[in-house]
Amino acid sequence: MKTSASRVRRFDWNRWLEVPVTDPEDARRRKLLNIVLVTVGCLSFALLVLALAWYLLGIPGVNSRELGYIVFTVGTVGVATGGIYWLNHSARVSGWIAATLFLCLLTSLIGLSDTPRELAAGRSLFVWTIPIVLAAFLLRPWGSFLFTGVVIIIMVVLAHLAQEPANPTAIVGFLLLAGVAWLSASNLEQALREVRTINVNLDRLVKERTQALEDALIREHVAYGQLQATLESLRDGVIVFDRQGKIMVANPPAAALFEVRRELMTTRSVLELVGSRPLRPQDRGALLGLLTSEAERPLNRQIRWGGRHLAVWVAPVHSAGTTERIGTIAVFQDITAEVEAARMKDLFLAMVSHELRTPINSILGYTDILLAGMRGELTAEQTETLQRIARNGQHLLELVSDLIDQAQIQAGMVKIAAEPFELAPILEEVRTTCERTAADKDLAFVVHLEEGVPSPLFGDPRRVRQIILNLVTNAIKFTEKGAVHVRAFAPNRHHWSIEVRDTGIGIPEEKLPGIFDPFYQVDSSLTRRASGFGLGLAIVKNLVDLMGGTIKVKSRVGVGSVFTVILPIKPPKRQRRGRRPEIVR
Amino acid sequence: MNELALIIEDDPDLADIFTEALRAAEYRTETIRDGQVARQRLRQVVPKLVVLDMHLPNVSGIDLLYLLRHDAHLRKTLVIILTADARMAEAYEEQADYVLIKPVTFTQLRDLTSRLHGDERSPDQS
Chain Y
1 MKTSASRVRR FDWNRWLEVP VTDPEDARRR KLLNIVLVTV GCLSFALLVL
51 ALAWYLLGIP GVNSRELGYI VFTVGTVGVA TGGIYWLNHS ARVSGWIAAT
101 LFLCLLTSLI GLSDTPRELA AGRSLFVWTI PIVLAAFLLR PWGSFLFTGV
151 VIIIMVVLAH LAQEPANPTA IVGFLLLAGV AWLSASNLEQ ALREVRTINV
201 NLDRLVKERT QALEDALIRE HVAYGQLQAT LESLRDGVIV FDRQGKIMVA
251 NPPAAALFEV RRELMTTRSV LELVGSRPLR PQDRGALLGL LTSEAERPLN
301 RQIRWGGRHL AVWVAPVHSA GTTERIGTIA VFQDITAEVE AARMKDLFLA
351 MVSHELRTPI NSILGYTDIL LAGMRGELTA EQTETLQRIA RNGQHLLELV
401 SDLIDQAQIQ AGMVKIAAEP FELAPILEEV RTTCERTAAD KDLAFVVHLE
451 EGVPSPLFGD PRRVRQIILN LVTNAIKFTE KGAVHVRAFA PNRHHWSIEV
501 RDTGIGIPEE KLPGIFDPFY QVDSSLTRRA SGFGLGLAIV KNLVDLMGGT
551 IKVKSRVGVG SVFTVILPIK PPKRQRRGRR PEIVR
Chain D
1001 MNELALIIED DPDLADIFTE ALRAAEYRTE TIRDGQVARQ RLRQVVPKLV
1051 VLDMHLPNVS GIDLLYLLRH DAHLRKTLVI ILTADARMAE AYEEQADYVL
1101 IKPVTFTQLR DLTSRLHGDE RSPDQS
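Residue numbers (this note's numbering), protein chains in the order written: chain Y, 1 to 585; chain D, 1001 to 1126.
Source of the hints: derived by calculation from the structure; they are not laboratory data. Mixed in with the good hints there might be a few duds.
[To be verified] Label pairs and their in silico Cβ distance ranges:
| # | chain 1 | residue 1 | chain 2 | residue 2 | range |
| --- | --- | --- | --- | --- | --- |
| 1 | D | I1062 | Y | A417 | 31 to 39 Å |
| 2 | D | P1057 | Y | A418 | 33 to 41 Å |
| 3 | D | N1058 | Y | G373 | 50 to 58 Å |
| 4 | D | E1026 | Y | G514 | 37 to 45 Å |
[To be verified] A short, non-exhaustive set of chain Y residues, derived as facing chain D with CB atoms under 7 Å:
| # | residue |
| --- | --- |
| 5 | A350 |
| 6 | S353 |
| 7 | R357 |
| 8 | N361 |
| 9 | G365 |
| 10 | D368 |
| 11 | I369 |
| 12 | M374 |
All residues carry an ideal CB built from backbone N, CA and C; glycine is no exception.
Given only the sequences and the hints, what does the whole structure look like? Please build it.
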């Protein structure tokens, strides 16, 4: 930036030389003319001063008459120059006027600068080149030809005056020179025009591009603003990170979760952050597995996070419009409340069901007392009526017990024993319990313990009995004719298995997947009478899971079903106390 | 003379049913509904067997069980504890002679106790 001091020193030439006209060609020519005029003016002035000095100093060669002559000439030239300059400077006056005037002045000066003889054919021939060349640049490119014509005429006249023959070589030379000058000037003007066009185009292009950039920037700004607003307003933590785990976006809840300042989140790696959290090993492992997964479909897990339960969802992020994966988005959802509520519900259910059992027991007890004849002898009818009451009471008790069982398992209150036991007595017990009912329905009922099942087994005999009893009573319930086979065998060295096969009504294929869900009933008029809550299989599955085993079912409608339970011979070291169910949205 | 069975149960209906069950099993019965009263009574009589509900209000069934096991007078008394809690059952299995998981039916108690008439509890049995 120029300081005021340097501004004073540097003379602003442009103000004196440039003429404000719209046509750039015209402006260029006028400026060129101004330069020439100024030069001429300065030279004239210098000459004047010189002559004056010469005279005043008394140097021979310049007397007063010659001085006067010089002053007159130079003065005229100077004044003319000034006038032409003034004309040129006025934008209202066409440029060619001043140019033409100057060129004429110049030609006249040249014509008077030497003797006609010298000018036409002698030493001063060369001076005629000046107006010819200048014309091309000051007037128009073809101006050189114009002034060549003028010069030729003057030359011929002068030659005639000097009684010399005109110099044809000079004429040809001048014409050639005019041609060269014309070419130069034309090319210059052409080149300048092209440059100007390019400039104009460039300017337009730059303007367009800048506008487009501005628009894009605004759009991005708006989009970013929307994204920010959305992220800020979410209750769940959201983190987007790239393939190396570096965090690209994180919202306030996510930052709070990791106890890192929001601004610092984008400097961290999500894997490093997880690694440094105080998590249980299984939770950390599960979370890291989730975050580093390259799976293309969304995944989710539930983990414990300090005192909270979180549901973590991950999904891939792709570059706009392509299948190229650029990172992952992870959502952390606090489900502590839901988990707590579910647990409360189960606890409540377990407690309430327990309360329900007490009066039922009393009913059964008193019925037993009556049936035992302890309140007097009974008639056959009375006995039968009491037996019905007892049966229904028993049924009610079973329903409530099922409810309690299921609720307790859900609430994680069930502990599976791990003790040695014999399978044979359990199978025998099941047989005696169920053979009456099977016989009543005219079903063949076979219970078989195969060779190869080790003795003793390890686990919870009470629960094993519950499982087998449940499956067998189901089989009998849903079979109207044929047989129920119970088979205990060892499929391999580490497991033993119970298979309950029936020739009952079977289970439709579409119902099979949900068969172990709580409260699931295969809807059929046949089963309506005798059914319970439909908890039997759910409880069985839960127990089998708690024991570290698996249960499978195969079934064909109208043919029958096979339920197979496979349990480890040696149960896993740590008995699980009951699984929290997955909360599926 | 029939042997004495002491029933310690606070719920009136259950107390009634258990009493009938033991009567049906040919015992002489005394039914006590309160733990404190039971404690006092146990100083006065030596029952052949005691049916003890572990879930008594006011007095802990555990304390009564301890008393039954460590009092010299009562060392020959058979103890049947009743509990709804499987964990408790497991924990006190050693101290009681029999553990019945509630709900306990009339027939269950009657059949069990009628078999115990001749049984003696040997002092070192624990």
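**OP:** Kindly indicate which numbered hints from before are broken by the structure, ordering the numbers from low to high.
**Re:** 1, 3, 4, 5 and 6
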